[in-house]
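> Chains A and B, in that order, give the protein sequences. Numbering of the first sequence is given in this note's numbering, commencing with residue 1 and proceeding in unit increments. Numbering of the second sequence is given in this note's numbering, commencing with residue 1 and proceeding in unit increments.
Just so you know, the hints here were simulated from the structure itself, not pulled from any lab data. Even for Gly, the Cβ is constructed at its ideal location relative to N, Cα and C. Mixed in with the good hints, there may be bad ones.
[Claimed, not checked] 25 Å max Cα-Cα, derived SDA-like pairs, lysine to any residue: (1) Lys-222/A - His-25/B; (2) Lys-12/B - Gln-128/A; (3) Lys-222/A - Trp-116/A.
[Said to hold, decoys possible] A short, non-exhaustive set of chain B residues, derived as facing chain A with CB atoms under 7 Å: (4) Glu-19; (5) Trp-23; (6) Pro-24; (7) His-25; (8) Thr-26.
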Amino acid sequence: MKAGIQFLSGNDAAAAGAALARPQVIAVYPITPQTTLVERLAQWHADGELECEFLNVESEHSALSACMGACALGARTFTATSSQGLLYMCECLHYASGGRFPIVMVNANRALALPWNIYGDQRDSLSQLECGWIQLYAGDAQEALDLVLQSYRIAEDPRVVTPVMLNVDGFSLTHTYEAVAVPEEAEADAYLPRFSPAFRMDLEAPLSLGFSAGPRDNTAFKIAQMKGIAEAEGALEEADAEFARLFGRARGGALATWGLEGAEAVLVSLGTLGGQVRAAAEALRAEGLRVGSLRLRMLRPFPAESLRKALAGVRTVGVLERNVSTGFEGTVCSQVRAALHPLGQGTPGVAGFTGGLGGRDLAPKDIEGIFRRLLLHGGSSDNAVHWVDPGVELA
Amino acid sequence: MPEVPVRILPWKVPLRLEEHPAWPHTASGRLIEGHAQWRLQRPVFDEGRCTRCLQCYLMCPDAAILLHEGVPSVDLRLCKGCGVCVKECELGAFRMAPEHP
């Protein structure tokens with residue numbers, strides 16, 4: 001992996017970020033569309049460029065379990081997965097967050113079976129919002145690299161001590177290429193010092209790891225966990241400020257906003273959809289329509305206060321996601337609705353849009369259509385899901 | 001078979017959140033959640049029948065069998081009264097007696 005400007009895919013960039021973080025243990029199981037990320041790391045390890053224990057485990061459940069074990073011994077760890085693999089990890093996800101193991105994982109967002117589908121959408125990570133991990137979403141390959149490094153800063157922050165799941169959209173980010181600035185190893189080392197674990201076990205100081213806590217003690221552990229993750233938004237801002245100081249570029253923390261000033265309608269999105277939403281907003285602004293874009297980089301902890309500050313005074317908020325909570329509405333839509341509710345009388349109307357499932361592309365006209373609908377009709381009076389370009393006529 | 005001294009560290013139930021551990025890991029030997037109060041019956045050991053095969057020591061799920069100079073005994077702070085020792089001992093050196101006769 002060479003430093004400087006490189007032409008990289010999203011997976012290449014995330015792999016470069018992971019290698020620069022110098023994890024001592026990488027435990028992974030390959031799965032489309034995360035596979036090329038693992039291949040890069042495995043190649044660098046085989047070539048002697050990446051010094052670590054590289055564990056080719058037999059399943060995702062084992063991958064995360066191995067990371068927990070290594071982390072308990074004070075090692076910095078990395079893993080990556082996608083879709084069915086993330087779900088296979090599900091039990092361990094709660095274990096890792098409850099055990100406060102500051103593991104960093106890249107998840108390549110992909111649809112869930114059935115019907116079987118290997119293409120991109122966000123149902124995998126959104127189905128795991130309650131697993132206690134910090135959730136970040138990258139919008140492009142440079143952001144994927146930068147956020148891997150920032151993820152270690154916040155995961156290992158002594159106030160936080162919580163694992164991070166960094167999401168990159170399957171194919172639309174993992175397999176598309178762009179020019180990416182890869183830091184020098186020495187620069188990355190300056191940004192990310194060696195892991196200094198909050199707890200670790202060794203032969204001199206054996207630990208009883210993961211003990212039981214019954215009805216008497218259980219709540220206090222969950223409150224402590226909640227306090228830890230609540231610090232992550234501030235930790236991300238600090239990590240970003242330090243990143244900007246060392247590398248000359250900032251990501252911007254939990255929210256990426258464009259055109260919010262004077263906006264009547266704002267469309268909220270995650271990941272690569274954010275780029276499309278911004279492009280549509282720019283086109284419509286050029287026509288004189290007062291629209292803006294808000295991309296959520298962080299979904300756990302949910303940046304509710306920041307969202308209220310950003311969207312107070314906006315008349316209508318749309319939420320576009322490659323996801324639906326079957327039987328209700330879009331998960332992100334519910335989160336946004338709930339976060340805005342305390343604004344009281346000035347609460348923007350909210351409408352939820354679902355599209356791009358199973359890798360279906362959304363076109364600029366689809367997103368411009370959402371903006372026009374928001375300006376014309378305002379928020380929904382119910383929790384209806386508005387299907388965007390579903391590919392069939394809806395009655 | 002090395003003899004491991006069992007040292008149970010005191011665990012004071014924290015009353016304030018600041019005193020509470022932030023993660024469920026602690027120095028080995030601290031008994032956070034004792035199971036002794038589950039016990040409805042307790043094992044009674046007959047040393048005369050014991051051949052020091054140590055199956056009880058190996059099989060006890062709560063490591064409640066201690067060894068003193070190779071001789072087993074039951075640590076009732078750790079025993080939850082499951083009776084595995086009775087099943088495992090082919091020589092009948094263990095029997096269960098009611099906890100609250």
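> If a hint holds in the structure, say so; if it doesn't, say that too.
Taking the hints in turn, this is what the structure says about them:
1. Proximity of Lys-222/A to His-25/B is assessed by CA-CA distance (about 14 Å); at most 25 Å being required, the pair is judged to hold.
2. A C-alpha spacing of about 35 Å is found between Lys-12/B and Gln-128/A, which places the hinted pair above 25 Å, so the restraint is violated.
3. Between the alpha carbons of Lys-222/A and Trp-116/A the distance comes to roughly 36 Å, so the proposed pair goes past 25 Å and is violated.
4. Violation of the interface hint for Glu-19/B is found here, the shortest Cβ-Cβ separation to chain A being roughly 10 Å, above the 7 Å cut-off.
5. Annotation: interface hint on Trp-23/B holds; nearest CB of chain A at approximately 4 Å, less than 7 Å.
6. Given the 7 Å rule on beta carbons, the hint for Pro-24/B holds: about 5 Å separates it from the nearest Cβ of chain A.
7. Given the 7 Å rule on beta carbons, the hint for His-25/B holds: about 5 Å separates it from the nearest Cβ of chain A.
8. Checking Thr-26/B against chain A: minimum C-beta separation of about 6 Å stays under 7 Å; hint holds.
Hint check: violations occur at hints 2, 3 and 4; the rest are consistent with the structure.
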